[in-house]
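A.B. asks: One letter stands for each residue in the lines below.
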Amino acid sequence: MIKKIALLFALTFVFISCNTDDDTTPTVIMGCTDDGSINYNSAATNDDGSCVFPKLTFSFSHNWDGTNVAASDFGDLNYTNAHGEILSILKLRYLISKIILHKSNGDTIEFEGYQLVDLTDESTLTFASDLDVPIGDYSGISFIYGFNEADNIDDEYQDLNSVNWNWPEMLGGGYHFMQFEGNYLDGTGNPQPYAYHNGTARVSAGVFEQNFIEVELPAITITNNAIVEIKMNLAEWFKNPNTWDLNTLNVALMGNYDAQIMMNENGQNVFSLGEITQ
Amino acid sequence: MKSNLAVILLLSIFLFSCSSSDSNPEPEPEPILGCTDPNSNNYSSEATEDDGSCAYGTAINLDIPELFGNLLLPPKIPENNPQTIEGIALGRKLFYDPILSGDGTQACADCHFQKDAFTDDSKQFSVGIDGSVGTRNSMPIFNVAWNFDEKFFWDGRAKSVEDQAFGPVVNPVEMKNTWPNAVASLQGTNSYPDLFLEAFGTSTIDSVLVTKAIAQFERTLISGNSRFDRHLLGEDVLTESEINGFAVFMDETKGDCFHCHGSNSNPLWTDNAFHNNGLDASFTDNGLGDITGDPLDIGKFKSPSLRNLAYSAPYMHDGRFNTLDEVIDHYSEGLVFSDTIDPLMKYISDGGVQLSEEDKADLKAFLLSLSEPGFTTNPDFQNPN
Numbered sequence: 000m001i002k003k004i005a006l007l008f009a010l011t012f013v014f015i016s017c018n019t020d021d022d023t024t025p026t027v028i029m030g031c032t033d034d035g036s037i038n039y040n041s042a043a044t045n046d047d048g049s050c051v052f053p054k055l056t057f058s059f060s061h062n063w064d065g066t067n068v069a070a071s072d073f074g075d076l077n078y079t080n081a082h083g084e085i086l087s088i089l090k091l092r093y094l095i096s097k098i099i100l101h102k103s104n105g106d107t108i109e110f111e112g113y114q115l116v117d118l119t120d121e122s123t124l125t126f127a128s129d130l131d132v133p134i135g136d137y138s139g140i141s142f143i144y145g146f147n148e149a150d151n152i153d154d155e156y157q158d159l160n161s162v163n164w165n166w167p168e169m170l171g172g173g174y175h176f177m178q179f180e181g182n183y184l185d186g187t188g189n190p191q192p193y194a195y196h197n198g199t200a201r202v203s204a205g206v207f208e209q210n211f212i213e214v215e216l217p218a219i220t221i222t223n224n225a226i227v228e229i230k231m232n233l234a235e236w237f238k239n240p241n242t243w244d245l246n247t248l249n250v251a252l253m254g255n256y257d258a259q260i261m262m263n264e265n266g267q268n269v270f271s272l273g274e275i276t277q
Numbered sequence: 000m001k002s003n004l005a006v007i008l009l010l011s012i013f014l015f016s017c018s019s020s021d022s023n024p025e026p027e028p029e030p031i032l033g034c035t036d037p038n039s040n041n042y043s044s045e046a047t048e049d050d051g052s053c054a055y056g057t058a059i060n061l062d063i064p065e066l067f068g069n070l071l072l073p074p075k076i077p078e079n080n081p082q083t084i085e086g087i088a089l090g091r092k093l094f095y096d097p098i099l100s101g102d103g104t105q106a107c108a109d110c111h112f113q114k115d116a117f118t119d120d121s122k123q124f125s126v127g128i129d130g131s132v133g134t135r136n137s138m139p140i141f142n143v144a145w146n147f148d149e150k151f152f153w154d155g156r157a158k159s160v161e162d163q164a165f166g167p168v169v170n171p172v173e174m175k176n177t178w179p180n181a182v183a184s185l186q187g188t189n190s191y192p193d194l195f196l197e198a199f200g201t202s203t204i205d206s207v208l209v210t211k212a213i214a215q216f217e218r219t220l221i222s223g224n225s226r227f228d229r230h231l232l233g234e235d236v237l238t239e240s241e242i243n244g245f246a247v248f249m250d251e252t253k254g255d256c257f258h259c260h261g262s263n264s265n266p267l268w269t270d271n272a273f274h275n276n277g278l279d280a281s282f283t284d285n286g287l288g289d290i291t292g293d294p295l296d297i298g299k300f301k302s303p304s305l306r307n308l309a310y311s312a313p314y315m316h317d318g319r320f321n322t323l324d325e326v327i328d329h330y331s332e333g334l335v336f337s338d339t340i341d342p343l344m345k346y347i348s349d350g351g352v353q354l355s356e357e358d359k360a361d362l363k364a365f366l367l368s369l370s371e372p373g374f375t376t377n378p379d380f381q382n383p384n
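Chains A and B are the protein sequences, given in the same order.
Read in numbering that gives the first Met the number 0, the first sequence has 236 at position 237, and its numbers run on one by one without any break.
Read in numbering that gives the first Met the number 0, the second sequence has 163 at position 164, and its numbers run on one by one without any break.
Derived from the structure by calculation, the hints contain no laboratory data.
Be aware that one or more of the hints could be misleading.
As the list claims (entries may be wrong) - Below, in silico cross-link-like pairs of lysine to any residue (SDA-like), each with a Cα-Cα straight-line distance of 25 angstroms or less:
#, chain 1, residue 1, chain 2, residue 2
1, B, K75, A, L115
2, B, K253, A, M261
3, A, K90, B, F282
4, A, K90, B, T269
5, A, K90, B, N285
6, B, K150, A, A69
7, A, K90, B, K158
Stated by the list, open to error - Here's a subset of chain B near chain A, in silico, CB distances under 10 angstroms, partners left out:
#, residue
8, L70
9, L71
10, F147
11, N263
12, L343
13, M344
Even for Gly, the Cβ is constructed at its ideal location relative to N, Cα and C.
Using the sequences plus the hints, can you model the full thing?
C.D. replies: Structure, rendered in structure tokens:
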């Protein structure tokens, strides 16, 4: 009797083994089945919800025609603009919004929120997102310098109101896009202030023109968590296509329509894609 | 060598296995964090370790003006010093009590009068208990919970309202006391130990609790109901002069006041930041520069709020201007160059932007519409002693 039972057991074992070997029931391997994730398992047959996707941090760096500019450089009369004025920087704050990653098939990943970059506040020099960004090729990055028309709403953002970032209603309202200030040396070598403030352009009383810039940066490939550097060349604000004469355009520029439009034109070339660390 | 290592590893695993399963007692239970004081509001009978979270007194919210609530970030209240009815009442009593000073003659309120929006009468500099004269104008006190950067005093040297309150008690030209002495005086009274017990759960007074209570009271000193506020809320009508004055204030080519002093969008009427506003060619008082050590900060002082100017003369960190007319004249034609002057101070070679007499008068009228008579008479802020 015992022998028979043992035989039965042995046979059962053989049968089960056979089944497995024959592959009539597919093997179940749990894991991450999304090839856009960092922990993609090509052998996995069933997704177990474990997929982890790359996250992006945008970092904002600043240079004057290639020479790095940081808050520690403030006050130094170190820079010469295209028109020939020697100048210092004492303040640089600007607004970036609506950062979007584009795929060649038209899909987009939009990063919520906005960033008021202030060179004197290190925490504002990076913009981290917890949005999932699948591994792959992206055809470009775009963002808005300032706010676009839909976002540039009077008094809408408590954090920006609290740091006095508003643009006067008489000039179209909403928010500043940039405050870039310092001193330049005039014809007699005396320091004079400049306040290169940019925002909505006032055409005439009650008539305003959108003045934000939609910046488009080239393609990137994401392979892991990444820090994407966005560079601003400050010299460009004074250079191309309008050679900026600080002797005539220095302060009280907010309501100066021509100056505001020239800022927009020069601003088209100030941003570029820097290093991608991943 | 490799096989030896392997043996050691195997043995180690064996030994570890043995010791964990056989000889070790149960691991220490994780402490349960919470408030362990049965007299607190949030006593946890299960907590085995106090985490400093005990709360005392009766919680009460700040009375936030409608425009502040709509436009600004929430007020800053430290987690370790929540507002309570008992804490505020204690702070108010302390604020008005000369017991904190070295000779028992001078209270906070003796240099910060409610009728003056909590600055010091019409004095340029306040006088300490021994007759010493300070070097800066007493600051008005209101809306301190909305100072988001939490830099207090004209030079930003204090890092919170609580931190600020530590200063005057021991300042040799002000109350000229020591904290041990001030605390001993309070401890020796009949009333204070019980009041501290009600507010903070202990009748053992210390300087930290004194400043916490004063800070709680100061955070209730909120001014947000001026005629201009009511105008923005559609509840009051401004004069033509006031409306034009506001336009001068907001016009970058005229007053350009809004870059540092708020606006209808920032009803604090200050950026709470530090600027050199062109008062002097050189400095005997370096302001922020002495605190940060940064040469770029020399001659910078905090932008004060423009609320309640009707009560807070004289003006500037050193109280040099007795009237608003003098202040406006300064920005219009009195600016003086120095190395750290703010770039927003323009046309300095002409002394400023040269406002017309009419614009000056209108600007002044507008500025005065930011004053709130009710703030200076609010019974909740008066001397309770």
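A.B. asks: Are N263 of chain B and chain A close enough, Cβ to Cβ, to be under 10 angstroms, as the hint says?
C.D. replies: holds, 8 angstroms
A.B. asks: Hey, does the L343 of chain B contact hint survive, CB to chain A under 10 angstroms?
C.D. replies: Interface hint status for L343 of chain B: holds (6 angstroms vs cutoff 10 angstroms).
A.B. asks: Can you confirm whether the C-alpha distance between K90 of chain A and F282 of chain B stays at or below 25 angstroms?
C.D. replies: With Cα atoms ~22 angstroms apart, K90 of chain A and F282 of chain B stay inside 25 angstroms; holds.
A.B. asks: Holds or violated: K90 of chain A with N285 of chain B, Cα cutoff 25 angstroms?
C.D. replies: holds, 20 angstroms
A.B. asks: Given the hinted pair K253 of chain B and M261 of chain A, is their Cα-Cα distance within 25 angstroms?
C.D. replies: Roughly 23 angstroms separates the two Cα atoms, so the pair holds.
A.B. asks: Is the shortest C-beta separation between L71 of chain B and chain A less than 10 angstroms?
C.D. replies: Holds. Min distance 5 angstroms.
A.B. asks: Please verify that hint: F147 of chain B, Cβ, nearest Cβ of chain A, below 10 angstroms or not.
C.D. replies: holds, 6 angstroms
A.B. asks: Less than 10 angstroms between beta-carbons is the criterion; does L70 of chain B satisfy it with respect to chain A?
C.D. replies: holds, 5 angstroms
A.B. asks: Does the alpha-carbon distance linking K150 of chain B and A69 of chain A stay inside the 25 angstroms limit?
C.D. replies: holds, 23 angstroms
A.B. asks: Are the Cα positions of K75 of chain B and L115 of chain A separated by 25 angstroms at most?
C.D. replies: holds, 21 angstroms
A.B. asks: Once the shortest beta carbon distance from M344 of chain B to chain A is found, is it less than 10 angstroms?
C.D. replies: holds, 7 angstroms
A.B. asks: Has the given pair, K90 of chain A with K158 of chain B, been kept, meaning a C-alpha gap of at most 25 angstroms?
C.D. replies: Given pair K90 of chain A, K158 of chain B holds - Cα atoms ~23 angstroms apart, limit 25 angstroms.
When each numbered hint is compared with the structure, no violation occurs for any of them.
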